[in-house]
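Undergrad: Following the hints, put chains B and C in place on chain A, whose structure we already have.
Each protein sequence line maps, in turn, to chains A, B and C.
Numbers 565 to 920, taken from this note's numbering, label the letters of the first sequence in order.
Numbers 565 to 920, taken from this note's numbering, label the letters of the second sequence in order.
Numbers 565 to 920, taken from this note's numbering, label the letters of the third sequence in order.
Be aware that a few hints might be false.
To be verified - Here chain A is said to cover these stretches of chain B; the calculated rule only asks that three of the stretch's residues, wherever they fall, bring their Cβ under 8 Å from a Cβ of chain A:
1) 621-631
2) 708-719
3) 744-750
4) 777-787
5) 828-835
6) 839-851
7) 863-875
Stated by the list, open to error - Below, computed lysine-lysine pairings styled on DSS-like, alpha-carbon distance capped at 25 Å:
8) A:K861 x B:K900
9) C:K861 x A:K900
10) B:K861 x C:K861
11) A:K900 x C:K900
12) A:K777 x B:K566
13) B:K777 x C:K566
14) C:K861 x A:K566
15) A:K900 x B:K900
16) C:K900 x B:K900
Stated by the list, open to error - Facing chain C, according to a computed beta carbon distance under 8 Å, are these residues of chain A, among others:
17) P720
18) G834
19) R853
It should be emphasised that the hints constitute simulated quantities derived from the structure, not laboratory data.
Beta carbons are placed, not taken as given, at the ideal position from N, Cα and C, and that holds for glycine.
This is what each chain is made of:
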Amino acid sequence: MKARALAEALDGRVTGDADAEIARAVHPAEVACERDIAIAITPDTVRLLGASRAHTVLVLEGTELPPRQFGTTIFVRRSRSNLPAITQIFHHRPTINLGIHPSAVVAPDAVIGEDAMVGPLVVIGPGAVIGPRSTILSQATIEDGVTIGADCLIYPGVRIGWGCNIGDRAILHYNVSIGADGFGYVAGRPGAHETAEVAGDCQIEPRRNEQQKVHSLSIVVIGNDVEVGALTAIDRGTLKPTRIGSGTKIDDHVLIGHNVEIGTDCLLCGQVGLAGSVAIGDSVVLGGRVAVADHIKIGDRAVVAAAACVGTNIPAGAVYAGYPAVPRSEAMENLKLLRRLRRLMARGQNIPTSVA
Amino acid sequence: MKARALAEALDGRVTGDADAEIARAVHPAEVACERDIAIAITPDTVRLLGASRAHTVLVLEGTELPPRQFGTTIFVRRSRSNLPAITQIFHHRPTINLGIHPSAVVAPDAVIGEDAMVGPLVVIGPGAVIGPRSTILSQATIEDGVTIGADCLIYPGVRIGWGCNIGDRAILHYNVSIGADGFGYVAGRPGAHETAEVAGDCQIEPRRNEQQKVHSLSIVVIGNDVEVGALTAIDRGTLKPTRIGSGTKIDDHVLIGHNVEIGTDCLLCGQVGLAGSVAIGDSVVLGGRVAVADHIKIGDRAVVAAAACVGTNIPAGAVYAGYPAVPRSEAMENLKLLRRLRRLMARGQNIPTSVA
Amino acid sequence: MKARALAEALDGRVTGDADAEIARAVHPAEVACERDIAIAITPDTVRLLGASRAHTVLVLEGTELPPRQFGTTIFVRRSRSNLPAITQIFHHRPTINLGIHPSAVVAPDAVIGEDAMVGPLVVIGPGAVIGPRSTILSQATIEDGVTIGADCLIYPGVRIGWGCNIGDRAILHYNVSIGADGFGYVAGRPGAHETAEVAGDCQIEPRRNEQQKVHSLSIVVIGNDVEVGALTAIDRGTLKPTRIGSGTKIDDHVLIGHNVEIGTDCLLCGQVGLAGSVAIGDSVVLGGRVAVADHIKIGDRAVVAAAACVGTNIPAGAVYAGYPAVPRSEAMENLKLLRRLRRLMARGQNIPTSVA
Chain A
565 MKARALAEAL DGRVTGDADA EIARAVHPAE VACERDIAIA ITPDTVRLLG ASRAHTVLVL
625 EGTELPPRQF GTTIFVRRSR SNLPAITQIF HHRPTINLGI HPSAVVAPDA VIGEDAMVGP
685 LVVIGPGAVI GPRSTILSQA TIEDGVTIGA DCLIYPGVRI GWGCNIGDRA ILHYNVSIGA
745 DGFGYVAGRP GAHETAEVAG DCQIEPRRNE QQKVHSLSIV VIGNDVEVGA LTAIDRGTLK
805 PTRIGSGTKI DDHVLIGHNV EIGTDCLLCG QVGLAGSVAI GDSVVLGGRV AVADHIKIGD
865 RAVVAAAACV GTNIPAGAVY AGYPAVPRSE AMENLKLLRR LRRLMARGQN IPTSVA
Chain B
565 MKARALAEAL DGRVTGDADA EIARAVHPAE VACERDIAIA ITPDTVRLLG ASRAHTVLVL
625 EGTELPPRQF GTTIFVRRSR SNLPAITQIF HHRPTINLGI HPSAVVAPDA VIGEDAMVGP
685 LVVIGPGAVI GPRSTILSQA TIEDGVTIGA DCLIYPGVRI GWGCNIGDRA ILHYNVSIGA
745 DGFGYVAGRP GAHETAEVAG DCQIEPRRNE QQKVHSLSIV VIGNDVEVGA LTAIDRGTLK
805 PTRIGSGTKI DDHVLIGHNV EIGTDCLLCG QVGLAGSVAI GDSVVLGGRV AVADHIKIGD
865 RAVVAAAACV GTNIPAGAVY AGYPAVPRSE AMENLKLLRR LRRLMARGQN IPTSVA
Chain C
565 MKARALAEAL DGRVTGDADA EIARAVHPAE VACERDIAIA ITPDTVRLLG ASRAHTVLVL
625 EGTELPPRQF GTTIFVRRSR SNLPAITQIF HHRPTINLGI HPSAVVAPDA VIGEDAMVGP
685 LVVIGPGAVI GPRSTILSQA TIEDGVTIGA DCLIYPGVRI GWGCNIGDRA ILHYNVSIGA
745 DGFGYVAGRP GAHETAEVAG DCQIEPRRNE QQKVHSLSIV VIGNDVEVGA LTAIDRGTLK
805 PTRIGSGTKI DDHVLIGHNV EIGTDCLLCG QVGLAGSVAI GDSVVLGGRV AVADHIKIGD
865 RAVVAAAACV GTNIPAGAVY AGYPAVPRSE AMENLKLLRR LRRLMARGQN IPTSVA
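Isolated chain A, as found in the complex:
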C-alpha cells in the first residue's frame, strides 16, 4: 500500500514521498524496516518519534514533530475512530483454504453456507448450520443443531454446545466454551449454606448429603457482532436461554452463568464473573474482574469499576465500585475515612481511648 492510499483511506493528507510503500503499522519503538509506518497519535508515542528508526510516520494534525526529517508523514484529524480505522486497514483476518478440510469430521446433514470454510480437525454435528462466509478455524467443535450466522470467525478449540445460536459477524477466540451446563444442584436435605442463611451457622448432621443435578435444558443465544475472548465460558440456561445481546464485547476468562441476560453494546472486561440469572441492560460497562451475585439486575448504561463485587441491584446510569460495590462516591469516601483514621493513629492519637 502506498502512503497516498493510506492517507486517503483515513481522510488525511501526506507530506513528503506520497509513493512510499507501507507494509505494517507499528509503535514508534518497534519500527524495523523502511516499510513500517510509525503510528504516533498519543503524546507518549510522539515523544518516541525522535529516537525511532521510522522513515514514515502517521500523526494527528497539529502534532509538533521532533526536529528530524521523515521521508513521509501522514496527518489525520483527531477522531475517536483513528485507531479502529488504522488497525482495520492493516489487520489480516485469519483464513484457511476455501472449503472443508478433508480432516474435518462433518455430519452429512450439517449445512455449510456459501463460501464458508471449515478448517482441519473440526467436528460439526448433525443438523448444525454454518452461515455464509463464516470461518471455522482448526479443531473447533460445533455440536448438534448449532446455528452460526454469516461472516463469523471461530478460532481453534472453541466449543459450541448442542442447539446454541450464534448471530452474524461473531468472533469467538481460542478455547471458548459456549453452552456448558449451568451450575445448579439441590442437596437431598438443606445444605450448609442454606442452614447458614437461617441460623447463622451450619449445625447440620455430618452424614452425606448428596447433590442432585438441575439439568440445563435450554441453550445460549448470542446476537450479532458479539466478540468473545479466549477461554471465556457462557453456560446454557435451565428453562430459558442465556442471552447475549448484539454488539456486546466480552474479554478473556469471563464467566457467564446460566440464565444470564445481557443487553446490547455492553463491555465485559477480563475475568468478570456473572452468577446465574443476572440481568444486565444495554451499554453497560463492567471493569476487569467485576463479580456479580446471582439474580442481580444492572440497569442500562451503568458502569462498574474494576474488581468491584456486586451484591445489590444497580440502577441505570449509576457508577459503582468497591467491595461490596456501592456508588463510587461512597466507595471513595470509605477509602478517605480509613486514610484519615489511620493518620490519626500514626500521630499517636489513640482512637479507642479517645472515643471511649
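TA: Then chains B and C, alone, in the frame of chain A:
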C-alpha cells in the same frame, strides 16, 4: 411423552387433557409451541403464566392460577427435588454413535470398556482404561495410564494428564484441565517475596535469580459423582495426589492447586481459586470467586461467602465472609461501622477533630 | 535406580541397604510398595514417617528419625534446591514416538527441527518453525509463522496465534491461549464509562452506541525458560508485542492483556489478571488472584500479596497488599483499625454518639 406419564413420574396429578403430548420443558416466557410445558414452580414464574403462550403448565399444589384456561395442568407437591426431577426427565445426555470413531487415535493397549464410546479426534494414550458405558466426546485427550470409571461423560477438549484417576459417573465439561503441573519453584537464592517476609521490603541484589522447577510427580484422584465445570484446572500433586472427594461439584473456571484435598459433597462455585496444599472437609460450600491461600484448612460444612479471600483456617460449621475472610457476623459489623462513620462525616461531623 | 546412585546424585549419603531399588518418590503417607522412597524433608512429613509403610526414606542431615527401622535411609544436606533436585530425578517428561504423527496436519513449508516431535492431531500452519528437540503433544495449534525455540514442551490443546515467538525450553500447559486479540474498542460516541469519568454519572442517550474494534496487529514474544500454566491467556499487542521475559513463570488461569511487558524471573501466581499495557520489571512476585489495572507500572523485585487489586504504580522493591493495594504496612494498619473500632462497638461504646 404424555402429560399423564409426566405427572406420574413426578408423583403429581393432571387436570384437563391428560393425553396432551409434551416435548420440552420451558420457562413460561419461552413457550413456543403446543408441546412445550411451562414450568412455574416459583412466584416469579407463576406471575408470567397469564401472559404466556402456554397450553400446558406445571405448578405446585395450591398455586393460584391466573384467570385463564390451560389445556392441561400438572400439579406437583412442593419438594426440594422438583427441579432436579423435572429436568432429569427432559434432559438429553450427549452421545455419539456406539463404539470408537475411526478418526480417534487410541493406543493399542488402551482398554475401552463395554458400551463405552470414543468420539472423533479423541486421543487415548497407552495403558489408559475407559470404564463401561463412559462417553468420551470429541477431541478430548486421555493420556497414558489414566483410568476413568463407569458411566462418565467427558466433553470436547478435556485434557486428563498421565496417571490420573477419575471415578464413576464423572462429568467433565469443555476444555477442563486435569493433571497439569503444580506451580512450584525455588529461586536460586532468596527471592523478593521471601526477603519481604523477613525484612518487610525487598533489598535484594538486582542480578538474575533463576527459578528452579519443583516437578509434580504425583497425580489427580477424583472420586465418584464429581462434576467439573468448563475451563476448570485441577493440578497434579508433588509427592501425593491432589484429591477430590465423591459427590463434590465444581463450577467453571475454578483453579485447584497442587496437593489440595477436598472432601465429599462440596460445592465450589465459579472462579474459586485454591492455592497449593489447601485442605477442605466434607459438605463445604465455597461461593463464587472465593480465594483460599496455600496450606489453609477449612472444616466440614463450613460456608464461605462469594468473593471472600481466606487467609486463616476456618473451623467446621463456620460461616465466613469478607476481604480478608472473617466470621460473617464480624464482616457485617465492619460494613456497618464504615456506614456509621461515613454518615457522621456526611453530617459535617469531622471525626478526626472530634477524636483528637 | 539404586539408593546409592540417588544419594550420589543429591550429594548425600546412605545408611542401610545402599543397593535398594527405588522407583518412585512419594509423600510418607503415600508409600505403596517397597520401591517407593518416602521424602521427608519438612517437620510435617518427618512426623508421618513412624506410621508410614516406607522401607526407604530420604531426610535432611540431623533429622531425628522415629524409633523404627528403615531398610535404607538417605541423608541430604539442607538446601534450597532439595525439592527441585529430587523431583527432577524422578520426573518423567511427556513424550511421543519420534517424528511427526501421521494424523497431524502440518503445512508443507513448516520447519520441524531435528529430533522435534509432533503429536497426533496437531495443526501446524504455513511458515511455522519448531526448534530442535521440541515436543508438540497432541491436538495443539501452531498457526502461520509462529516460531518455537529448542527443547520446548507444548501440551495438548495449546493455541499459539500467527506470528508469535516462543523462546527455548518453554513449557506451555493444557489449553493455553497465546496470541488471541487484545480487548480494545472505541464506541462511536463517548460511552458510559467515559461519561462517568467526567460527570460522575452516565447521562448519555439511550440509543445504540456500537463499539468499533481496535485490531491487534502485533504478536506475543516469550523469552527462554518460561512456563505458562493451564488455561492461561496472553493476548497479542496492538502496535507492539506483548512481551514475557526469560525465566518468568506463570501459573494457571492468568490473564495477560495486550501490550503488557513483563521482565525476567517473575512469578505470576494463579488467576492473576493484568489489564492492557501493564509494565512489570524483573523478579517481581504477584501472589494469587492479584489484579493490576491498565497502564500500571510495577518496579523490579516488588511483591504484591495475594488477592491485592493494584490501581497505582508500585516502586521497585516495595511490598503491596490490599483492596485497593497499598504498602503492606498500611494495609495491615487498616485491618487493625477496623478491629479496634469493632471491639469498641462490641463493648457497647457507641462510636457515633461519642464522636458527636
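Undergrad: Taking each numbered hint in turn, which are not upheld by the structure, reported in ascending numerical order?
TA: Hints 1, 2, 3, 4, 10 and 14 are the ones this structure does not satisfy, whereas the remaining hints hold.
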